[in-house]
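The whole structure should be built from the sequences, with the hints applied where relevant.
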Amino acid sequence: MIIKTLGISTSPRVHGNTDFLLRDALSGAESAGSKTEYVHLSDYDISPCIECNACYSRGDCKIQDDFQQLSKKILDADRLIFATPVFFMTVCAQAKMLIDRSQCLWAYKYVLNKKLFSHERDRRAMVIAVGGSKSKKQFEGILLPMKSYFDVLDINYSTNLFISKVDDLGDIHKHPTALKVAFRLGKELITAESPPPQKPINVELF
0 MIIKTLGIST SPRVHGNTDF LLRDALSGAE SAGSKTEYVH LSDYDISPCI
50 ECNACYSRGD CKIQDDFQQL SKKILDADRL IFATPVFFMT VCAQAKMLID
100 RSQCLWAYKY VLNKKLFSHE RDRRAMVIAV GGSKSKKQFE GILLPMKSYF
150 DVLDINYSTN LFISKVDDLG DIHKHPTALK VAFRLGKELI TAESPPPQKP
200 INVELF
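Counted the way numbering that gives the first Met the number 0 counts, the sequence shown spans residues 0 to 205.
Treat the hints with caution; some may be incorrect.
Claimed, not checked - Capping the alpha-carbon separation at 20 Å, the derived lysine-lysine pairs in PhoX-like fashion look like this:
#1 K135 / K3
#2 K71 / K108
#3 K95 / K34
#4 K61 / K72
#5 K71 / K135
#6 K71 / K34
#7 K108 / K72
#8 K72 / K95
#9 K113 / K135
#10 K95 / K71
These are computed hints drawn from the structure, not numbers from a lab.
Keep in mind the model is a prediction, meaning the values are calculated, not measured.
Written out as structure tokens, the structure reads:
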């Protein structure tokens, strides 16, 4: 069976550091035989959650926009690589908007007590986060939102790639190992043996 890998770049900056890392991670996955797809979130028209709670009774979101199309891709994927810049010690606004709109999936599972999938699937996720600060603490605010999001998606949170002191456009190309590490981790996301880790493996480059 061919493993499908979806990479989502949530950065508002196209062809930025986050993008380059994600593309190399996807290349690594592809080198291991995965069918890959790259998505830039800014290409999708997605509105923020309005907390109407309509999903509590219907199980889906009443706001009709590109969220439904992207959500289908996310649920269809066997592997998910989620890439975000660090803004104010957490994910960027675009990433948070996608996560918040997934409240309808939370309601489907935990309010309506329905299953996302009819059978068990080996689904795994990796997070790439890029921050301009020197502080290691800048990534702490990434962990809980992503863990909550992946729990809702029924996907195992397998790997983090956190890279600091990368801020200006193109800075990632000055880093001696970051792109190579992204490629390796993308490949390992496909080739790693089961069962997946109980908690994500952190790879931090400072």
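- Which of the listed hints are broken here? 1, 3, 5 and 9
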